[in-house]
Amino acid sequence: MKLLIISTSQRPDSQSAKVGRYIAESSFSSPHAMRYASIHHLELCQFNLPFWDGEEDNKGEHWPEIEQSVDEADALVLITPEWGGMASPLLKNFLLMCTREETAHKPALLISVSNGIGGTYPIVEVKMNALKNNKLVPIPDHLIIRNVSHVLNAIPEGARDIALRERVQYSLYMLHQYAQALAPIRQQHAGQAYPKQQEYCYGM
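Under UniProt numbering, think of the first position of the sequence shown as 1, with each following residue one higher.
Treat each hint with caution, since some may be false.
Pairwise CB distance ranges (calculated) [as the list claims (entries may be wrong)]: (1) 147 x 201: 38 to 44 Å; (2) 183 x 161: 32 to 38 Å; (3) 173 x 72: 20 to 26 Å; (4) 161 x 101: 17 to 23 Å; (5) 156 x 71: 34 to 40 Å; (6) 38 x 60: 23 to 29 Å; (7) 158 x 200: 45 to 51 Å; (8) 141 x 53: 16 to 22 Å; (9) 71 x 48: 16 to 22 Å; (10) 158 x 55: 45 to 51 Å; (11) 189 x 129: 37 to 43 Å; (12) 11 x 157: 18 to 24 Å; (13) 55 x 147: 40 to 46 Å; (14) 132 x 46: 24 to 30 Å.
Here are the computed lysine-lysine pairs in the BS3-like style, where the Cα-Cα straight-line distance is at most 27 Å [as the list claims (entries may be wrong)]: (15) 59 x 135; (16) 59 x 92; (17) 127 x 18; (18) 135 x 92; (19) 135 x 2; (20) 2 x 59.
If you are wondering where the hints come from, they were derived from the structure by calculation, not from laboratory data. Ideal Cβ placement from N, Cα and C applies to all residues, glycine included.
Starting from the given sequences, assemble the full structure and let the hints guide the process.
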């Protein structure tokens, strides 16, 4: 199985990317690490992705590389900063570009990052209106990482940081469980159309 971590801040060297790197590095030493054939971290701001206009041919020169990573992944971690109570425009744009062929029936762990005490609204926003047509499956164990500059650094800073690290590992473990559970659904329909796929291609 393959895990893909995507951090979606529009700033280089962001706290979201720091969280992504922590998850990628810690996953190799976690109890479930050996169950993933690969763990890959994409920082979307390093790619030249246009704001998509709805045309399949207008996703930019870097989309095929990203698309392949998404297609090969069995589970995704999506990390967004909270900007003005909203999810990152890069994340929403990315999810618009994804199609059911790459993402349908794959579990996703949603992570919201805030440098203060917020972080709730991006999770609500993504669950409400960003997963309908690509048919990603958000697992219940989303994470909200508050005061992010003080946690998940090289050295743990107190009991809260240690507890957060344990919660991250638990959420990653559950993500792997969902990936295993959903794999037969994808395998059953590999290479053939889902029943009534065209008629019901859009979620409700």
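When you check the alpha-carbon spacing of residue 2 and residue 59, does it fall within 27 Å? holds (24 Å)
Holds or violated: 32 to 38 Å for the Cβ distance of residue 183 and residue 161? At roughly 33 Å between Cβ atoms, residue 161 and residue 183 fall inside 32 to 38 Å, so the hint holds.
Take a look at whether the Cβ-Cβ distance between residue 189 and residue 129 falls inside 37 to 43 Å. Violated - the Cβ-Cβ distance for residue 189 and residue 129, about 25 Å, lies outside 37 to 43 Å.
Within 18 to 24 Å: is that where the Cβ-Cβ distance between residue 11 and residue 157 falls? Holds: the Cβ-Cβ distance is about 23 Å, inside 18 to 24 Å.
Falls inside 17 to 23 Å, the C-beta gap from residue 161 to residue 101? Roughly 40 Å apart at Cβ, these two residues miss the hinted range, so it is violated.
CB-CB spacing for residue 200 and residue 158 relative to the 45 to 51 Å hint: With Cβ atoms ~49 Å apart, the hint holds.
Restraint check for residue 59 with residue 135, where alpha carbons must lie at most 27 Å apart: Distance ~20 Å between residue 59 and residue 135 Cα, so the pair holds.
Assess, step by step, whether the Cα of residue 135 is no farther than 27 Å from the Cα of residue 2, and give holds or violated. Roughly 18 Å between the alpha carbons, so the hint for residue 135 and residue 2 holds.
Given the proposed pairing of residue 135 with residue 92, does the C-alpha separation stay at or below 27 Å? Roughly 14 Å between the alpha carbons, so the hint for residue 135 and residue 92 holds.
Does the structure keep residue 127 and residue 18 at a Cα separation of 27 Å or less? holds (23 Å)
Taking 20 to 26 Å as the hint, is the beta-carbon distance of residue 173 and residue 72 inside that range? holds (21 Å)
Given the hint that residue 59 pairs with residue 92, test it: the Cα-Cα distance must not exceed 27 Å. holds (14 Å)
Hint violations for this structure: numbers 4, 8 and 11, all remaining hints satisfied.
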